[in-house]
Amino acid sequence: MRPVLFGIVFASGEEREKFEHIYTQYKNLLLHKTYEILRDYTLAEDAASEAFLRIYKNLHKVDDTDSNRSIAFYVTIAKNAALTLRGTEHKKQTEEYEDDIADTRDMELEVLSGISSHAIYRLVDALSEELRSVFLLKFAYDMPHRAIGEALGISENNVTVRLHRAKKKLAQMLAKEGYVCESK
Amino acid sequence: MKANNQNELFRQMASQYVEQAGETLRREKEQLDREQPHILTPRMDETVLGHSSPPRQNRRSLWATLAACILLALLMPGIVLWLDLNQGGMTGSPSQAASSDTAAAPAEYAVIPLSFTLPDNFRVEEVEQDREKSIYYLDDTMKDPVVMTLEYGSAPDTAGLVSISTRGGDLWGMTYADYSIVLFEKDGVIHTITCQNDINTLVDIGRAAFAV
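As given, the protein sequences belong to chains A and B, one line each in that order.
At position 180 of the first sequence the residue is numbered 180 (our numbering), and the sequence of numbers has no breaks.
Count along the second sequence starting at 1, add 184, and that's the number in our numbering.
Only chain A is shown next, with the shape it has when bound in the complex (with noise of 0.2 Å):
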């Protein structure tokens, strides 16, 4: 009989070992995070643990168990576990982006200057917590709108509606802060 987690049987004793590792290395991250979110050390205790269950469902995902990449990927599933949780909505500081800007249809993404790494990470850092894990899912870890869903435990058709929407508020707060031209 193999090894059983969440009910899950695992493939492997090496896929077993690798989520272990995971759990205890970055269990105290994760809890560290929800309960930034919860304000409640028992939710943040359950919302860490969904979070390990869908890092669990997308072990795959993960080569290199201890790379930025995938440290990142964990605390953007563990966020959300806790939003979800939460129930409610999570802003961040950037709605000043919502409403006072042009519509972009016709804007080409076309970079006019290289833009710092510094800049990246603010500009997608700007973005509230539910869009950037969706545009994070999407474009750095290549998931199908259907895995999002599930490792974010939201709909699918949720998913899209995210990503339309983080891609345009990216492309606004471009377009502001002049990375992009309008071309036409």
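Since the hints were made in silico from the structure, they are not lab data.
Ideal Cβ placement from N, Cα and C applies to all residues, glycine included.
Wrong hints could be hidden among the right ones.
[Stated by the list, open to error] According to the in silico footprint, chain A covers these stretches of chain B (three or more CB under 8 Å from chain A): (1) 199-211; (2) 308-318; (3) 329-340.
Guided by the hints, dock chain B onto chain A, whose structure is given.
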């Protein structure tokens, strides 16, 4: 082409972001581990790892697996023969091998074309293929961008949605806190349309699909 450029830029931005964010989180983790190295989480450990098999059980499992493998190996010739007889001698035939190869190969999906004319205020901004689904990003001059997903099928999942009367076809829809959704089936394709605000935007598209 424009959409491809945009997605490539987003891909680069997302990859750079996760590298930087990951580095920041790594430092945060190291600090946490230094400051609070022994946080006890018995409830979470039980939830997440509670069903872990101890080493002795693992060894027992290994023996059980080994025994099962040996038994399977002994029975396999009989099973193969039985299958061969029951499937008219197809086992190992070239045609079956070819079909197995086909099944193993990653499926390639073509974009499902739109079978109707969109209302005048919409234009297709971008089309993306996500596995078996074709996703049309529609730009709306009324500023309520729409995403329409097309997927082959004849039985849309209408659970939780309400029927919307229209001429010529059946629409189902609902407005949620985050978005509105309308779906319908036409010519063997399930259309799922979503937008941020007004469900009527979506109903207009559904009606256009069934317009004579």
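Outcome, coverage hint (the stretch 308-318 of chain B, chain A; C-beta under 8 Å; three residues): holds (count 4)
How does the stretch 329-340 of chain B fare against chain A when you require at least three residues with a CB closer than 8 Å, holds or violated? Result for this restraint: holds, n = 3.
Given that the stretch 199-211 of chain B was listed as covered by chain A, double-check it with a C-beta distance under 8 Å for 3 or more residues. It holds, with 11 qualifying residues against the three required.
This entry satisfies every hint, going by the numbered hints stated previously.
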